[in-house]
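Number of protein chains: 2
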Amino acid sequence: MSDERIWTAAVLVIGDEILSGRTQDKNVAQIATWLDVQGIRLREVRIVPDVEAEIVDALNAIRARYDYVFTTGGIGPTHDDITVDAVAKALGVGVIVHPDARAILERYYSARGGELTEARLRMARTPDGAELIPNRMSGAPGIRIGNLFVMAGVPHITAGMLDALTGELEGGAPLVAQTIGAWAPESEVADLLRLGEKDHPGVAIGSYPFFREGKVGANFVIRSTDGAAVAACVAMLTAGFEALGYPVTAGGI
Amino acid sequence: MSDERIWTAAVLVIGDEILSGRTQDKNVAQIATWLDVQGIRLREVRIVPDVEAEIVDALNAIRARYDYVFTTGGIGPTHDDITVDAVAKALGVGVIVHPDARAILERYYSARGGELTEARLRMARTPDGAELIPNRMSGAPGIRIGNLFVMAGVPHITAGMLDALTGELEGGAPLVAQTIGAWAPESEVADLLRLGEKDHPGVAIGSYPFFREGKVGANFVIRSTDGAAVAACVAMLTAGFEALGYPVTAGGI
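Heads up: the protein sequence lines correspond to chains L and U, in order.
With my numbering applied, the first sequence corresponds to residues 6 to 258, in that order.
With my numbering applied, the second sequence corresponds to residues 6 to 258, in that order.
The hints are simulated quantities; they were obtained by calculation from the structure and are not laboratory data.
Mixed in with the good hints, there may be bad ones.
As the list makes no split between identical chains, a pair holds if one copy fits it or if it spans any two.
What the hints assert, rightly or not - Derived lysine-lysine pairs resembling BS3-like cross-links, with alpha carbons at most 30 Å apart:
(1) Lys220 with Lys94
(2) Lys31 with Lys220
(3) Lys203 with Lys94
(4) Lys94 with Lys31
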């Protein structure tokens, strides 16, 4: 594995509930943070409605473009859970009842005095050729097929599936990031930020303004795969900010 | 305007900070909720990095497809604020310093004893042919050109811009939604939900499971442009849930 190889990912959120504004998505942030630790960069997110054709189109647009694609949502037992069918259609494969998933669900429900009804059995359906991703929270597994990872919509279930995948995916050099903050208007330090990027090739500086307690300020995130370059850029910016009269808070405000 | 016309929108979030997992997006939910009141359906969201080519490609993919497109992020004074250039490129127009925006910024900074520096003047740049969207929070206006609406990344600034646009955009019949909740496993009521949709054409039922206080439950959102159909479906589901031994909480749990 070369240091130069950058591993990329996209997330496809399947969710009328997010598009209606009813539910605040939590999965993008948790998958992004998890990917970062694996040395994989999240490069794109799409949120589409619970409509098969939309899911298929989005999957086909992104699965060729990124190393890994994660979907969230639409894998439960109800009529609006159509992700498995959409994934199978995008890949041009059939849908089967996965024998291991069926066995997991049988054990799960029988331990709770329940039965594997037809609705519950829907959660054992996978695209043909898929592997399962363990779900220690609620039985019904996630699905891995090719570079696609089919996760739950409920964030704590997806968190458990991410734990199960930790260390399983090949990644590259993790991005090193340092944050500094200052009670400075962005516009006062814009030239300095531009210079910081110019003088430190490979370093990207993000500028994130905020307004709190009646005052403007901003946090600045300095990122690179080269930790020494990040440190040098942070030192330069810190000196420059202080020369302009803006004390810097390491770690951000 | 016919009752049949459905007005649609997409949101393009421009933000390395969202893709890195550092910042939790808040704009999608607030724009979605606002659109709902305007009788416009949010149909797609994309989140892309602060890379001009990615923004241009995404804009061109969605602006032809939906009635309205909102961007958030990348319109400040710093080097990473490239949304205006990307929008101009997507539309094939030049970038100008908008005279009204320049006047707004001059007044804003002079009232605060500051100057319209070159960095701040960046916030007066618009695609040629754009109108401004008032920003009562921090001076720098949003931008409206064709069916594109360029909003801030900072949520409370975007909230102010949405207020300024309220009632300005043509929409259709608003979607009526009622929510009911029950401490029922989704899989126990899946058949009933399927039947509810089948018996009430034009009604969509979303099922959103959760796990709280050691128990599983779900909220069910019943949506249609026909309020009477929503009410009839809610009545049928409520009776059906109670017959299965699951008391229903109106408004959701």
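(Q) Hint by hint, where does the structure go against what was stated? Just the numbers, ascending. (A) 1
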